[in-house]
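There are 2 protein chains.
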Amino acid sequence: MHRLFRKTGALSALALTGMTLSGCVLQAASAVPSIMQAAAAARGTRQPAPDLPLPPSPPAGQQWLYGSAEGTIATRQTYDALTRFALARAADRPAQSVVLSDGPGIDAGFMPCDDKPLAVLFDADETLIWNLGAMRWFAENDREFDPAIWSEWERTGAGKSAAMPGAVEALQKLRAAGITIVANTNRRADTAAGTVATLRAAGLGDFEHGRTLFLSGDDDGGSKKDGRRATIAAQYCVIAMAGDQLGDFSDVFNAPSLSPRERKLIATRPPVDQLWGAGWFLFANPLYGPSIRGTFDDIYPAESRWAPDADAP
Amino acid sequence: MHRLFRKTGALSALALTGMTLSGCVLQAASAVPSIMQAAAAARGTRQPAPDLPLPPSPPAGQQWLYGSAEGTIATRQTYDALTRFALARAADRPAQSVVLSDGPGIDAGFMPCDDKPLAVLFDADETLIWNLGAMRWFAENDREFDPAIWSEWERTGAGKSAAMPGAVEALQKLRAAGITIVANTNRRADTAAGTVATLRAAGLGDFEHGRTLFLSGDDDGGSKKDGRRATIAAQYCVIAMAGDQLGDFSDVFNAPSLSPRERKLIATRPPVDQLWGAGWFLFANPLYGPSIRGTFDDIYPAESRWAPDADAP
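Respectively, the protein sequence lines represent chains A and B.
Using this note's numbering, the letters of the first sequence map in sequence onto residues 1 to 313.
Using this note's numbering, the letters of the second sequence map in sequence onto residues 1 to 313.
Worth flagging that the hints you see were computed from the coordinates, not collected in a lab.
One thing to keep in mind: the hints can contain errors.
Claimed, not checked - Now the stretches of chain B that chain A is said to cover, found in silico as 3 or more residues with beta-carbon under 8 angstroms: (1) 61 to 67; (2) 133 to 140; (3) 147 to 158; (4) 165 to 172; (5) 275 to 285; (6) 294 to 304.
Said to hold, decoys possible - Rough simulated footprint, nothing fancy, chain B against chain A, three-plus residues with beta-carbon under 8 angstroms: (7) 60 to 68; (8) 71 to 84; (9) 137 to 149; (10) 160 to 167.
Note that CB positions come from ideal geometry on N, CA and C, so glycine has one too.
Please model the entire structure based on the sequences and the hints provided.
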């Protein structure tokens with residue numbers, strides 16, 4: 001998946017790398033004081049003189065997701081819910097999977113389960129693992145996205161990612177119940193060995209490219225996952241899916257013509273509204289992805305406009 | 001709750017307003033092109049000349065939480081889980097509430113339920129409602145936190161907040177099951193009428209200060225909520241709690257001496273680890289709060305350090 005990095009506070013043009021709507025925006029480190037330095041300033045302890053550059057702070061999204069108790073708890077809540085749901089389904093096999101059938105739009109129904117082996121299907125980046133090594137390096141060095149560097153990360157980053165909170169325990173319980181864990185990720189087919197090593201080093205067990213690991217380049221869909229999902233659902237009864245962005249569930253949600261508002265509408269109304277938290281499990285990732293889009297008018301309803309008295313809107 | 005706003009990219013000193021560790025950081029708008037403008041640039045459509053300032057983009061956290069399908073889905077998943085849990089508990093009254101007893105640390109057990117009326121206890125800001133009007137105004141005007149403006153927002157913002165996705169339906173179902181909805185918020189006692197109006201205008205029903213609405217200033221605990229929780233749990237059998245930061249559950253997690261790493265540890269290990277998603281429900285809020293803290297070393301484990309070959313770490 002191509003990622004688009006935003007240099008916080010700069011007017012520089014973005015480095016676009018064949019960006020599709022599955023591209024994303026990463027925030028670079030902010031140069032402002034961290035809240036801890038601010039607290040120190042408030043207490044009157046020694047601080048650098050105001051005209052010296054302060055060390056960069058991580059972007060707020062990284063502080064929340066990777067650093068805070070709250071980000072860990074939000075993630076673990078989702079892993080626990082997914083595990084409970086999948087174990088219940090495993091004990092009472094469904095007739096249909098949670099993978100949408102190939103067909104126009106999202107009303108085509110679901111792929112049948114027949115007597116295929118049970119599986120839970122995961123995205124990898126910021127769904128199974130947190131890409132700590134690369135995310136820190138880009139943010140701390142205030143660097144924009146560089147696909148060559150990200151490819152190197154895919155190849156050499158094993159051991160520098162972490163399993164997300166709750167993931168190791170979830171996969172252990174699911175596998176113990178006879179459920180196959182399958183990953184469908186936009187990491188690249190030509191770095192498959194690095195991704196296999198990364199997932200293993202994170203404590204998530206073994207994945208085999210083409211059997212339990214599906215990558216961008218496996219077919220001609222590029223970063224679109226529908227084709228790979230169809231391949232997977234032809235072999236497995238997929239009882240739950242997990243991801244951090246809508247393309248991990250269906251490509252229809254990332255159609256380029258959709259505004260953020262339209263995209264939100266089609267993903268949260270029938271027939272898919274019933275799936276969230278009950279077959280489709282969405283992990284919070286406020287750092288990058290097609291969710292990180294929109295002007296103020298895109299994301300705020302007009303009727304919520306407010307201003308204090310001293311300032312006219 | 002005092003909030004600390006971070007001016008993205010500026011080295012200006014932060015305006016500290018009696019900040020405690022329950023203070024928080026809000027990101028101001030970034031001046032960089034939005035991903036949509038970047039896409040337009042990629043397609044070669046007409047763009048402002050590079051040396052003209054581009055209109056500000058919302059912070060990524062706001063794009064994710066307020067604007068994206070993903071932020072809405074993550075929120076709705078949590079509301080659905082809370083509702084299912086609370087309805088099950090209502091049908092099978094517990095002996096204990098989910099409010100920790102007053103006592104040293106978090107091992108003191110829970111307040112008893114006896115035959116008190118059932119209740120679910122909610123924080124308000126970014127737990128029941130999204131503060132769209134004020135959040136947009138501060139970000140779009142690149143303004144730092146101003147407690148006078150936030151007080152004005154509490155007084156006059158009714159109708160400019162929105163109920164969070166899933167909240168209206170959840171409260172309807174819980175109330176229909178005989179559960180009292182109680183809010184414990186750090187909005188101020190002296191703006192109680194504005195907060196009552198805000199919650200009503202958001203479609204969340206009626207709240208009564210001192211009976212179903214508890215505010216900062218109701219006791220001498222300031223922004224610490226334990227005292228108010230004890231008051232509430234003396235009257236109600238609290239079967240579930242909801243919030244967006246750890247102080248919504250117990251003040252012990254916001255002790256000023258705790259590093260982000262320590263805070264994460266005590267909130268995610270026994271005895272409280274079992275509560276998350278099963279009595280205590282945490283809503284994703286990557287925009288502000290005590291979760292938005294930490295240096296790179298605070299939030300990234302040392303063993304995750306990585307660099308591409310061309311750059312030594």
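Each hint, compared with the structure:
A stretch counts as covered by a chain when three or more of its residues have a beta carbon under 8 angstroms from one of that chain; for the region 61 to 67 of chain B and chain A the count is 7, and the coverage holds. Residues of the region 133 to 140 of chain B with a Cβ under 8 angstroms from some Cβ of chain A number 6, which satisfies the need for three, so the listed coverage holds. Counting residues of the region 147 to 158 of chain B whose beta-carbon sits less than 8 angstroms from any beta-carbon of chain A gives 5, enough to reach three: the coverage restraint holds. Against chain A, the region 165 to 172 of chain B contributes 1 residues with a C-beta closer than 8 angstroms to a partner C-beta. That does not satisfy the three-residue criterion, and the hint is violated.
Judged by the Cβ-Cβ criterion of 8 angstroms, the region 275 to 285 of chain B is covered by chain A as claimed, because 8 of its residues qualify and three suffice. For a cut-off of 8 angstroms, the count of residues in the region 294 to 304 of chain B with a CB near a CB of chain A stands at 9, and the three-residue condition holds. Counting residues of the region 60 to 68 of chain A whose C-beta sits closer than 8 angstroms to any C-beta of chain B gives 9, which meets the bar of three, so the coverage hint holds. Counting residues of the region 71 to 84 of chain A whose beta-carbon sits less than 8 angstroms from any beta-carbon of chain B gives 9, enough to reach three: the coverage restraint holds.
Chain B is given as covering the region 137 to 149 of chain A, and this holds because 5 residues of the stretch bring a CB closer than 8 angstroms to a CB of that chain, at least three being needed. For the region 160 to 167 of chain A, the stated coverage by chain B holds: 4 residues have a C-beta nearer than 8 angstroms to a C-beta of that chain, and at least 3 were required.
Comparing the model with each numbered hint stated earlier shows that hint 4 is the single one that does not hold.
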